[in-house]
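Undergrad: Using the sequences and the accompanying hints, generate a full structural model.
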Amino acid sequence: MLDTAKMACGVGMLGLGLGLYGKQARALPPGAIRPPGALKKDDFLGACVRCGLCVRDCPYDILSLARPGHEVATGTPFFVARNKPCEMCEDIPCVKACPTGALDPALTDITKAKMGLAVLVDHETCLNFLGLRCDVCYRVCPLIDKAITLELQHNERTSKHTRFLPTVHSDQCTGCGKCEASCVLEVSAIKVYPVALAKGEPGSHYRIGWEEKRKAGKSLVEDRNIIDLPDRLPEGVKLEGHSDPGGRLKSRMSDEAPR
Amino acid sequence: MTAIGIEAIQAKGWWATHRWLLLRRLSQLSVMALFMAGPWLGLWLVKGNLNHSRTLDVLPMTDPLVLIQSLAAGHAVERNALLGLAVVLLFYLIIGGRAYCSWVCPVNVVTDAAAWLRRRIGIRGSAHISRSARYWILGMTLALAAITGSIAWEMINPVSMLHRGLIFGMGAGWMVILAVLLFDLFVMSRGWCGHLCPVGACFSLIGRWSLLRVSAERRDSCNNCMDCFAVCPEPQVLRSPLKGAAKGAGPVVMSPNCTNCGRCIDICSKDVFTLSSRFNNPVSMAGVSATAPK
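Going down the list, the sequences are from chains A and B. Going by the working numbering, the first sequence opens with residue 755, and the numbers climb by one from there. Going by the working numbering, the second sequence opens with residue 999, and the numbers climb by one from there.
There may be inaccurate statements among the hints.
Below 25 Å or equal to it, Euclidean Cα-Cα: the simulated DMTMM-like pairs (lysine to aspartate or glutamate) are [to be verified]:
| hint | chain 1 | residue 1 | chain 2 | residue 2 |
| --- | --- | --- | --- | --- |
| 1 | A | Lys868 | A | Glu905 |
| 2 | A | Lys795 | B | Asp1055 |
| 3 | A | Lys866 | B | Glu1076 |
| 4 | A | Lys850 | B | Asp1055 |
| 5 | A | Lys794 | B | Glu1076 |
| 6 | A | Lys868 | B | Glu1076 |
| 7 | A | Lys850 | B | Glu1076 |
Quick caveat, the hints were computed from the structure, so don't treat them as lab data.
TA: Right under this line is the structure:
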């Protein structure tokens, strides 16, 4: 009885230590990206048997298994985009190699992969933001004009040029990391982050009016029910269709003035 | 007292006294070489590591413990891993569950080295933990997988750490392996493989029903030199088959913790031991007749 208790406590201590260590080690550092089709963080660590077959079957030798001492959970596959980005093979050999489904076999179209999300993190050093035409991240993007577009903006500094701002679209970006790998700066201004880290999320009740209008094919509010807010207009000017409570406001203010 | 094995070497010669040991080292080396041929020579006979491997791009093999942990973590495992499990179960059901430990596992080389050094240096004392601790740890790894939803044991498992490390890069893993060596050498005799390792414990469960067994077939000619007990990594498994004839125990080592390493076959000057099957286990008549009158 005492022996059993001793054993249970001893092994329990070991388990507790390991559990806490495992909890810490579960966090993936932002620079490390999982192969395409990887299950979500926690599910992945319960599914991956650390065999390295994905590493072996990657024709571009991009993946590696984390070594003890790395920040990534020991034995699990990852790649660092800045060193070698994913080449997005059409037949996705890494996913096919996975024996357990830690890399989800349901992923058959590599353009639907979500390894991470590219973010143009630094607007201060990005050459395009400075008004130059670098465009490299945009040019190398396998989903050019879909995952990265160049949005035009007036260049206030020169006041006669246009800034071509590389803009990532999260619904298209696969997180392959080509943009991060090819950024010409010493330290890349565009970086691939885990989606959860990179993406904002509005409240679930939040609706974007024009999106809803587009979906419904018409405006969801009838025009006559719209309460128009007062427009501040120069004195005496009248604008058709706008309420102009200015006069009323003014008279009330003058009423209140003596107090 | 003569040194261990001297009697056998005098009786049978050096080669016959080290035959199984050398075969075993050859097996361990060959398994490692098969895995290394890919990364070193570009000869991809076997890909992966002991957790899961693919031989000649067709034959999958999966480590049972890592797969059970994945299942305990709540993951619905894909077909290839399950096929690999079936292959491994079948294989070790034939050649003996813990044959994995002594013929395949790379940590065995480390702990055997520790045991050999221990004998050479003459380190006597040893911390005591029950040999059943490994089953507790096995249970803990499964519970931990279920609670955390991840294969937590793989964070520190020295077996896969060493094997994966040799193939994919060791990192700081060598420190864990060194710790195992020092633990076995200074803290506990046969500590890791014989008391703690849950991978071995898992394979011993398969070994409960496995076919190939060591048998003390000619136990009548035993001269009580005790060399087999000295070299056996799990000496408790020898007691009953070797000395239990009077109690009616058969000569076959039926304990699931026997690793089928064959070291006892080597070291015995009287050739008491041989490899046999679990079914070739006649219950001793001496025992039956002794207990019959009661």
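Undergrad: So, for every hint listed, does it hold in this structure?
TA: Outcome of the hint check:
1. Pair hint Lys868(A) plus Glu905(A) holds up; C-alpha atoms about 23 Å apart against a cutoff of 25 Å.
2. Restraint check for Lys795(A) and Asp1055(B): not satisfied, since their Cα atoms lie roughly 29 Å apart, outside the 25 Å limit.
3. Of the pairs offered as hints, the one joining Lys866(A) and Glu1076(B) holds, with about 21 Å between alpha carbons and a cut-off of 25 Å not exceeded.
4. Under the criterion of a C-alpha separation no larger than 25 Å, the hint pairing Lys850(A) with Asp1055(B) is consistent with the structure, at around 12 Å.
5. Taking the CA atoms of Lys794(A) and Glu1076(B), the gap is near 17 Å; set against the 25 Å cutoff, the hint holds.
6. Our distance criterion of 25 Å between C-alpha atoms is met by Lys868(A) and Glu1076(B), whose separation comes to about 21 Å.
7. Only pairs whose Cα atoms come within 25 Å are accepted, and Lys850(A) paired with Glu1076(B) is accepted, the gap being roughly 11 Å.
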